[in-house]
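Under our numbering, think of the first position of the sequence shown as 405, with each following residue one higher.
I should point out that these hints are in silico values taken from the structure, not numbers from a laboratory. All values derive from a computational prediction rather than experimental measurement. All residues carry an ideal CB built from backbone N, CA and C; glycine is no exception. There may be inaccurate statements among the hints.
Cross-link-like lysine-lysine pairs, in silico, DSSO-like; alpha carbons within 30 Å at most [what the hints assert, rightly or not]: (1) Lys-457 - Lys-477; (2) Lys-509 - Lys-422; (3) Lys-477 - Lys-422; (4) Lys-566 - Lys-457; (5) Lys-509 - Lys-457; (6) Lys-566 - Lys-509.
Computed Cβ-Cβ distance ranges for the label pairs, DEER-style [said to hold, decoys possible]: (7) Gly-612 - Ala-558: 25 to 35 Å; (8) Ser-573 - Arg-549: 22 to 32 Å; (9) Arg-503 - Asn-546: 29 to 39 Å; (10) Pro-510 - Asn-546: 29 to 39 Å; (11) Ala-496 - Asp-467: 39 to 49 Å; (12) Gln-464 - Glu-607: 24 to 34 Å; (13) Glu-607 - Asp-448: 20 to 30 Å; (14) Ala-600 - Asp-454: 33 to 43 Å; (15) Ile-603 - Lys-457: 37 to 47 Å; (16) Ser-573 - Glu-538: 27 to 37 Å; (17) Ala-562 - Thr-469: 30 to 40 Å; (18) Ser-465 - Ala-558: 32 to 42 Å; (19) Asp-584 - Pro-510: 14 to 24 Å; (20) Arg-456 - Val-595: 12 to 22 Å.
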Amino acid sequence: MIIAIDGPAASGKGTIGKRLAAHYGLRHLDTGLLYRAVGKSVLDAGKTPDDRKAAIAAAQSLDLTRFDEATLKGAEAGEAASHVSAIPEVRAALVNYQRAFAAEKPGAVLDGRDIGTVICPDADVKIFVTAAPEVRATRRGNEYRAAGKAVDDATVLADIRKRDERDSSRAASPLRQADDAVLLDTTAMGVEEAVAAAIRIVEARRRG
């Protein structure tokens, strides 16, 4: 079984993806980490995230083992990811990796921006997770503070809105809800409620 979860930043898709994978005994891939790793690689090389040549080279030679998840979850890597993910050649370089991961038995849960539309268009279940920008900004700010980072709430919200605009308007695999995806709005939901709702969606699809 392949479960595709898409949605904007801090919508809750990563947490839901991990919990669904554990619930159904599937592997999980946070595809956003791939783009964050590319972005961080570009920055580590002393380049800017919009340096097309550097970003393509980083994607083609990507080694996820070089990074720990805490580093990739940082604001710097997230901002860089939003830039490099708009480069078609970067996305093309990472497509095969994601599809190969999904194809391995017994299946997988993948979350990202274009899983249901591009990476796994034939996924058994597609969920599009969203939430109000203000709620997503609060969640992201809390994540940063929990990691000991000082953040300004207004700045986090502005960054969320900019990322939404870039992700939705880019030419290469823009963020959008697949026609056959089920919308899950987590604005007023806690983690447990959102996960329970996602499980109900999966079960409904499995029953046909």
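**Message:** Tell me the hint numbers this structure goes against, listed in increasing order.
**Reply:** 5, 6, 7, 11, 12, 13, 16, 20
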